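Asks: Letter by letter, the chains look like this.
Protein chains: 2
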Amino acid sequence: MELNTLVDAVMKNIFVELEASGRHVHVTAQQAKTLFGHGLTPERALSQPGQFVAKERVTVIGPKGKFEKVAVLGPERPEAQVEISVTDGRVLGILPPVRLSGDVAGTPGAVLEGPAGKVELNQGVMAAKRHIHMHPADAAKMGVKDKQRVRLQTFTARPVVFEDVTVRVHPAFQTSVHLDYDEANACGFQKGDLGRIVP
Amino acid sequence: MELNTLVDAVMKNIFVELEASGRHVHVTAQQAKTLFGHGLTPERALSQPGQFVAKERVTVIGPKGKFEKVAVLGPERPEAQVEISVTDGRVLGILPPVRLSGDVAGTPGAVLEGPAGKVELNQGVMAAKRHIHMHPADAAKMGVKDKQRVRLQTFTARPVVFEDVTVRVHPAFQTSVHLDYDEANACGFQKGDLGRIVP
Chain A
1 MELNTLVDAV MKNIFVELEA SGRHVHVTAQ QAKTLFGHGL TPERALSQPG QFVAKERVTV
61 IGPKGKFEKV AVLGPERPEA QVEISVTDGR VLGILPPVRL SGDVAGTPGA VLEGPAGKVE
121 LNQGVMAAKR HIHMHPADAA KMGVKDKQRV RLQTFTARPV VFEDVTVRVH PAFQTSVHLD
181 YDEANACGFQ KGDLGRIVP
Chain B
1 MELNTLVDAV MKNIFVELEA SGRHVHVTAQ QAKTLFGHGL TPERALSQPG QFVAKERVTV
61 IGPKGKFEKV AVLGPERPEA QVEISVTDGR VLGILPPVRL SGDVAGTPGA VLEGPAGKVE
121 LNQGVMAAKR HIHMHPADAA KMGVKDKQRV RLQTFTARPV VFEDVTVRVH PAFQTSVHLD
181 YDEANACGFQ KGDLGRIVP
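Residue numbers (this note's numbering), protein chains in the order written: chain A, 1 to 199; chain B, 1 to 199.
The hints are simulated quantities; they were obtained by calculation from the structure and are not laboratory data.
Take these hints with a grain of salt, some might be off.
One copy or two, it doesn't matter: identical chains are merged, so the pair holds either way.
[Claimed, not checked] Within a straight-line C-alpha distance of at most 35 angstroms, the following computed DSBU-like cross-link-like pairs (lysine-lysine) qualify: (1) Lys118 with Lys12; (2) Lys66 with Lys129; (3) Lys129 with Lys55; (4) Lys64 with Lys141.
Since we're looking at a predicted model, the values are computed, not measured.
Just need the whole structure built from these sequences, with the hints factored in.
Replies: So this is what it looks like as structure tokens:
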């Protein structure tokens, strides 16, 4: 085994890559039709297999402000979701509860506007709870299980230990930590930075 | 000693109050004259003795955007300083280095605009490095010294341990942790939340 390959293998047993997710929206097939006149068109693949950034963009409107050209992630989902940071929430005038993706019950709504029409969401606005997407092989190596909550130390310019980070294990996942931009900026994240699960 | 007094005393030996600082500007006496036509007028006292939020507001202008009605803190200082979050920096088009207050050498500049005139700063824009203001009595109780770098656990909705938090000890300081809004939002800070120095 070459040294670089060995170092790489050791690194992957110890460290987890960090990723920062900007504000984005998930929509249903029906909502995509209303907003854009058609389904979502893939523009760029995301790190999680099958997920993509769509060519289509929407305006997210709250009682106090709006964001234009917000990314829409595909494929379409059974339920809409608007993932923003708490900082974004101040601009929109919506206080986003911190939730795991999919847990939309009781969250506030917002209005989405696309080139073909508007959709009024009754719920779906959240700040994504920080989490680690893990492939089962990596979860086994690091000794963690699906839904486990762990502490994660970041090797970043403004180092922190994030407590209460939820592990999500799925064979389709590529292992990486998902932070929102408040968290990414608070820890001084730059692309390529790593984290480590600590006791 | 009443129970409440006792609990309060114990709390103050163990915990430190957290505060979030929004974007703000410090100016010199000469710059205040240029921007407003006169010196700063106190509107509201801050937690640190003698420090105040001025009635006057400025617009901070960067190459990509601007913020209007930005708070100006008094009293006037020997050198201007613009404290923003990394998130704010994206809006302005300025990447703020993370610095302790006063350490402005080599930081980027910005334009300040007030009702009476404009000031072009060659330097002074920074993201304030998180720090703990400590009264010497509290520093002694908690066993820390001026300029020491400590780890701080937050008892907040999204708990974190901030590493590399600089302690600043001064008889004029009231003991509190200063976070910027990226950090405050990343840890789910709400007014009244506490932190604790941990090993």
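Asks: If the cut is 35 angstroms between Cα atoms, do Lys64 and Lys141 qualify within a copy, between copies, both or neither?
Replies: neither (47 angstroms within a copy, 45 angstroms between copies)
Asks: Evaluate Lys66 and Lys129 at a C-alpha cut-off of 35 angstroms and name the case that applies: within, between, both or neither.
Replies: Answer is both; intra-copy 22 angstroms and inter-copy 30 angstroms each pass.
Asks: One pair to classify: Lys118 and Lys12, alpha carbons no more than 35 angstroms apart. Within, between, both, or neither?
Replies: neither (44 angstroms within a copy, 52 angstroms between copies)
Asks: For Lys129 vs Lys55, is the C-alpha pair at or below 35 angstroms within one copy, between two copies, both, or neither?
Replies: Close inside one copy (26 angstroms), not across copies (38 angstroms); limit 35 angstroms.
Of the numbered hints listed earlier, those contradicted by the structure are 1, 4.
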